[in-house]
Amino acid sequence: MKSTSEQLAKSIGAVLEGDPGVELAGVAAPEKAGPHDLIYVESHKHASRARESSANCVVAGEGIVLEGKTVLRAAHPKLAFAKAAEILLGRPPIAAGIHPTAIVAPGVLLAEKVSIGPYAVIGDEVHIGAGTQIGAHTVIGAGCRIGEDSRLHARVTLYSGVRIGNRTEIHSGAVIGADGFGYASGEGRYWKFPQAGIVEIGDDVEIGANTTIDRGSLDNTRIADGVKLDNLVHIGHNCQIGAHTVIAAQVGLSGSCVFGQHVTVGGQAGFGERCHLQDNAIIGGQSGVLGGKIIRGGEAVWGTPARSLAKFKEQFAWLGKLPQLANRIKQLEAKLGSP
Amino acid sequence: MKSTSEQLAKSIGAVLEGDPGVELAGVAAPEKAGPHDLIYVESHKHASRARESSANCVVAGEGIVLEGKTVLRAAHPKLAFAKAAEILLGRPPIAAGIHPTAIVAPGVLLAEKVSIGPYAVIGDEVHIGAGTQIGAHTVIGAGCRIGEDSRLHARVTLYSGVRIGNRTEIHSGAVIGADGFGYASGEGRYWKFPQAGIVEIGDDVEIGANTTIDRGSLDNTRIADGVKLDNLVHIGHNCQIGAHTVIAAQVGLSGSCVFGQHVTVGGQAGFGERCHLQDNAIIGGQSGVLGGKIIRGGEAVWGTPARSLAKFKEQFAWLGKLPQLANRIKQLEAKLGSP
Amino acid sequence: MKSTSEQLAKSIGAVLEGDPGVELAGVAAPEKAGPHDLIYVESHKHASRARESSANCVVAGEGIVLEGKTVLRAAHPKLAFAKAAEILLGRPPIAAGIHPTAIVAPGVLLAEKVSIGPYAVIGDEVHIGAGTQIGAHTVIGAGCRIGEDSRLHARVTLYSGVRIGNRTEIHSGAVIGADGFGYASGEGRYWKFPQAGIVEIGDDVEIGANTTIDRGSLDNTRIADGVKLDNLVHIGHNCQIGAHTVIAAQVGLSGSCVFGQHVTVGGQAGFGERCHLQDNAIIGGQSGVLGGKIIRGGEAVWGTPARSLAKFKEQFAWLGKLPQLANRIKQLEAKLGSP
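Protein chains in written order, with this note's numbering: chain A, 68 to 406; chain B, 68 to 406; chain C, 68 to 406.
Since the hints were made in silico from the structure, they are not lab data.
No distinction is drawn between identical chains; accordingly, a pair holds when it is met within one copy or between any pair of copies.
Keeping only pairs whose Cα atoms sit at most 25 Å apart, straight-line, the calculated DMTMM-like set for lysine to aspartate or glutamate is: (1) K259 with E98; (2) K180 with D191; (3) K112 with E129; (4) K397 with E381; (5) K145 with E254; (6) K378 with E340; (7) K388 with E400; (8) K380 with E366; (9) K99 with D286; (10) K259 with E129; (11) K378 with D346; (12) K360 with E381; (13) K360 with E98; (14) K69 with E109; (15) K69 with E98; (16) K180 with D216; (17) K259 with E109; (18) K145 with E134; (19) K112 with E98.
Next up, chain A with everything else stripped away, as it sits in the complex (with noise of 0.2 Å):
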């Protein structure tokens, strides 16, 4: 939706600073921004390509001085400017009203303005809320509760049972609430364990293209509020992760795993069962945590098995090292004429 400098300055709560008039209609990189986009820069390293874009319009941090632009003056400008961006672009739509081909099933109940795409197929006594968009050829099994305002891209699958919050956007070919992988070993196979939960996701997250969440065993699945996941991540069953926690792509926790809220995990980091992270925990990239451990509220850990991130560090420069003690060793054998 298109805006003035004025208007957005004001439904950001930034400080306007020169021309209250400007046309705003999309946000763009300095490099290619034309005159109606809006775009943003944090710190004086990057303040000379706002000064050389052609855009009119700049959030900006405190200190940065722009000549020539009208200013929208924030401590926070990537917070203010995703807030601008939210406004000027909107989401595109999903789906528009309910299409002739979707297939609703008897004791569905639609809320309204719920839109649902071709080829989906909605099963039974499902509810979903006011102002949801049910993408294309997304499934939706039996008993799924779906909050408001959600977003359910093309081909997502949800098994029966799953609940989703509002405001909740799923990517493409996600999977929620596949049965988990547990079995019982005995008489020379394995036999499957039942998968008899559910999943339940809460208010505002979003969870990536191809991520699959399995559904609990005896226990159910929960993504609390706000829970951030990138593509192709995978989270076992009866996983609780807590609220506002992010997990980069590739990312693999298996089961009943407790990660705390604000937690951190870089990408393709794996968890065995039982892993419990507090509050605030920092995940490196590629980490392996061990089955059962607990990483404490605030620690950073880096490696496999995961370790504190300064002694990942200390052990890797040792390893540099090690040439250098051997040649040590070697001089000092030199001189007591051993070995």
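Guided by the hints, dock chains B and C onto chain A, whose structure is given.
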């Protein structure tokens, strides 16, 4: 299906201790169970959880005393519980009948009691055995053969020519039989190498959500009976996976790997081309096995490059002792007045 | 398409030795070949496999003697064989004609000989070039542009605005153009950062099953000509992948990575934000390249954090020698009567 404690004991080969008439309708964790839920307890450590549960009937191992409960006594309580759960819960149906929107090509043979969900697409000359269920939106390429009582969930893709046995379950988003990653390099670019084989999958296999199994190149890719693959696993062309091998999430196999029977692979492990894992090998999570390597029967390995678990642990312990070693060298140097 | 040994030799630029009239209808491994299958042999080591084969005609490198066989002599036999296979096998059709259940939006331009499978959904203003095939259930967002003779298999998703070149093949389950993983942190939660760019994919690219390529944020994500991506690969927003780069399965790239031409990346490697890999770099499987790192042209690296392959091997060797080093320290201490 509802049952009584007496019927269930008989069905799973457990010894009934207590009331033969407890009515059972489901399974649960002890803390969540109601009076008609079956629970289980494996060890003395967890006996109090069972005692405090509202459940009336417990599958329990030898020697675990549970006053006031009806006990189904079993040598392997988890296994007995899994069998009981299968009886009590069954498996949720994937489809009922042949949905009118399913597209079934000419020459397809459907045995009795096959069910096919909405918008599924079944290619030319496909044969599907009795009792097999095909989920909504699943696409089955020409010439595939699927056995009896198999379950393909919604949104599975089988490329042409895939063979699947009996009682095999494939979860949503899995792609079976896509082209392998094979090229001939020359003239400054890559030329597609023929991917002309198929994929053969045995009986009682389970394949996780969004897992990919590539078709053979000049050979076939084979997954033997009882193999369990978790989510987001990648199996390259020409791989041969032996019976009852278990592979956790996000594991990747390059082309032409040969795995024996009863191999266990931890999550995110990776395998170079033409690895050979003998029966009962155990591969730790995130291990990297180099191309062409042989892992001997029953051996446990960890790390990248993978080495014996004992050696990995030893080396990891040494890594932690390097500051001490360096200090000892320093002291020796001080004594000798060097360097 | 059937051919004769003479025609085929001409087509692939090989020298015919023997019978010009061998009828060829397919390709096979030597052990599985029938008389009308073409086989190939690269080295003397495998010559006996060819000699013992039932195949009449063999693509072979210089100097490999194969009595009784008709030989198509080629400097690069694997390359010649790949070209011959392309002629003999063609590529299996993905769709034939425009299926009546395909939903084609207003404003879509389909060039001649486009085919579209059942239940595919083509969004507004999409353009599809001559000879391109679109598989069943594939969903193409508004405004996408696809070149000529490209092949999108069943169950692919293109979000809006994706550009794809000519002769590019995309396998089932791939998701191109989903939102990148970008947020601004503030006020105790994460705010979606605009993901307003698109994805541009060149000619002769192949993209594996269930691979995800995110759309750009304020820039575009670009995959140049001839790039090959295996299954379950993740490409973050704004990444730039140079021509003829090859990336094996389950590799993950964070945002804004820049890869040169002819880069080779082993399976499960991971890349932090803004990595820069120069032309011909070689990245070992499971390596972890830190954000912002530059890997120089032609360099081979391995490990996490990635270092030169030579250094990795040296360090790994030292790790194995630690018990000996410790023992030598102990002996020195004994000599000196310490500690």
